[in-house]
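From first to last, the protein sequence lines stand for chains A and B. Counting from 1, one number per residue, gives the positions in the first sequence under the UniProt record's numbering. Counting from 1, one number per residue, gives the positions in the second sequence under the UniProt record's numbering.
Treat the hints with care, as some may be off.
Copies of the same chain look alike in the list, so a pair counts if it fits in one copy or across any two.
[Unchecked claim] Keeping only pairs whose Cα atoms sit at most 25 Å apart, straight-line, the calculated SDA-like set for lysine to any residue is:
id	residue 1	residue 2
1	Lys227	Thr195
2	Lys2	Val286
3	Lys2	Pro252
4	Lys236	Met115
5	Lys2	Arg223
6	Lys2	Glu233
7	Lys227	Leu170
8	Lys236	Pro83
9	Lys2	Glu313
10	Lys236	Glu128
11	Lys227	Glu313
12	Lys227	Thr82
13	Lys236	Ala38
14	Lys2	Glu118
15	Lys227	Asn6
16	Lys2	Pro241
Please keep in mind that the hints were generated in silico from the structure rather than gathered at the bench.
There are 2 protein chains.
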Amino acid sequence: MKKFVNDPDDVLAEALRGIAVAHPDLRVDAENRVISRAEPTRAGKVALVSGGGSGHEPLHGGFVGRGMLDAAAAGEVFTSPTPDQVLAATQAVDSGAGVLHIVKNYTGDVLNFEMAAELAEAAGVRVESVVVADDVAVQDSTWTAGRRGTGTTVVVEKIAGALAEEGADLAAVAELARRVSGAGRSMGVALTSCTVPAAGRPTFELPDDEMEVGVGIHGEPGRSRVKLASAREIAKLMVDPIVHDFGDPVGPAIVLLSGLGGTPLIEQYLLYGEIAPLLADAGVDVQRVLIGDYITSLDMAGASLTVVKADDEMLRLWDAPVVTAGLRWGA
Amino acid sequence: MKKFVNDPDDVLAEALRGIAVAHPDLRVDAENRVISRAEPTRAGKVALVSGGGSGHEPLHGGFVGRGMLDAAAAGEVFTSPTPDQVLAATQAVDSGAGVLHIVKNYTGDVLNFEMAAELAEAAGVRVESVVVADDVAVQDSTWTAGRRGTGTTVVVEKIAGALAEEGADLAAVAELARRVSGAGRSMGVALTSCTVPAAGRPTFELPDDEMEVGVGIHGEPGRSRVKLASAREIAKLMVDPIVHDFGDPVGPAIVLLSGLGGTPLIEQYLLYGEIAPLLADAGVDVQRVLIGDYITSLDMAGASLTVVKADDEMLRLWDAPVVTAGLRWGA
Chain A
1 MKKFVNDPDD VLAEALRGIA VAHPDLRVDA ENRVISRAEP TRAGKVALVS
51 GGGSGHEPLH GGFVGRGMLD AAAAGEVFTS PTPDQVLAAT QAVDSGAGVL
101 HIVKNYTGDV LNFEMAAELA EAAGVRVESV VVADDVAVQD STWTAGRRGT
151 GTTVVVEKIA GALAEEGADL AAVAELARRV SGAGRSMGVA LTSCTVPAAG
201 RPTFELPDDE MEVGVGIHGE PGRSRVKLAS AREIAKLMVD PIVHDFGDPV
251 GPAIVLLSGL GGTPLIEQYL LYGEIAPLLA DAGVDVQRVL IGDYITSLDM
301 AGASLTVVKA DDEMLRLWDA PVVTAGLRWG A
Chain B
1 MKKFVNDPDD VLAEALRGIA VAHPDLRVDA ENRVISRAEP TRAGKVALVS
51 GGGSGHEPLH GGFVGRGMLD AAAAGEVFTS PTPDQVLAAT QAVDSGAGVL
101 HIVKNYTGDV LNFEMAAELA EAAGVRVESV VVADDVAVQD STWTAGRRGT
151 GTTVVVEKIA GALAEEGADL AAVAELARRV SGAGRSMGVA LTSCTVPAAG
201 RPTFELPDDE MEVGVGIHGE PGRSRVKLAS AREIAKLMVD PIVHDFGDPV
251 GPAIVLLSGL GGTPLIEQYL LYGEIAPLLA DAGVDVQRVL IGDYITSLDM
301 AGASLTVVKA DDEMLRLWDA PVVTAGLRWG A
């Protein structure tokens, strides 16, 4: 295992130390492993809390900041945060206006966020939740009932975060978050496995001439394992299932092509050069696009494509200022 | 070789196609392989042109935009752009106020930029040049007389770009660029080799339990090949040579910790958690820090640390608005 680590069991705690020292505008609660904005939530502002297993950076901690999340609970690598962690995050950022939980659809995450929501409500915090389940690859998966949650989460966090920043109330922010979540579809392809530090070896074996189509962000099996294909063929394997799943023509959309951690930007752009004409042919009118590492799987070589059908309100909020470590513009 | 490619010989041309379709605010000259701002250079504004071999993305094309570069000439992977390419970039963006060439110190780059500068001047374009040679690892190297140019280039492009945006003249922009260039020191560590697509196999062999200390951004040998060490020890191997090279206490500084392409963000933050206290102990007062993939070596696992001694003017210009694919804030 060739990684920048000390003790493989300390990866999360030590990465949080780096985040704390690099970003004075964030507050890192080392005990609860919660990253939140250093400034208290403005009175009356709905707070957004997300979280999940670590190893997908910049998701979620890298999206904490003005115009996006208020806090993120960081589980151990590929492990759901505990209810206590999510509760701590929730209580740390509630201004009284309530908290929206943004949850990726993995069984542990869903259960632990639900439990945290109950505990928070018992303590007087209003909580709404949105569960993102956008991965069209498979219906159920290793750790999931229903579809897995992946790249659309970034778009939900951005757009709902912008609406909360404008002062919308909890019901409105939750409603929009659910709308964005429902409008997103994703599909990933792995060229290599990732290696969880505490395991010290690749999560799965993938021969030199094969790839995993529809891989999950923890290396869960996808739809099929096939011979390594050209970027042109891979683009089709990503675009077709998404377009097929939408059914109706998509129209205006926000598109995210995320590297999975071990794939450099030059390959991501090359791949996007193949994806773009396929999207256009399929009636996807790409209004905004992000290319880079936004939701990753440790050091996995691969990429995931996310398409979110976007109305004018979503586009306006997408363009609103955001100041986070992982996404920043307009301010 | 597990990469998103079609024909390995077409990687650059096809990546440029992806850049063109993803970024309507950029103009991609496919024939000359030049990325420039879509808007013509404002009358009277000094233009900044950089470039070099591809495979280091987002450097340089990802830094073209308001507040940073006006154009970048993209050579083939790990291959200097030709004089013709650099000339085309230079002529495309000159507004009459002259052009600053920002060149990383590799023999081919230096010669080809020099030749392009002569051709441009013969065609009536005033050109000044700054050569960045900040890598403290080795004095001469595979493709270099003197030190190699690496991460400080990002800082030069940002700060000189901001000054040019303010309307400073060519002499002033060049003088500041040289000052920033002279104030920077870098040191990289590779945990794995990279694989050049056209070669199809790793550039160098590195056993599973070894790492290359002081590696170059094309995989050139560094100072020593040693047993794989902990992040804590690696941090020391990066910080010590930089601090030693500065000699005098550094004081206020801009710090860049860049992944080399195959190292995920969680490891980069963990490593920075080890680097930060060492910098503090050595009298480096970190005023600004960037962590992420900014200057890469294709899919190499590893990281490079850059420390630039920064005065108030440099910090002010660092904070100025920048709108590029790879670096964006304040607008």
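Which numbered hints turn out to be false for this structure?
Those not satisfied are hints 2, 3, 4, 7, 8, 9, 10, 11, 12, 13, 14.
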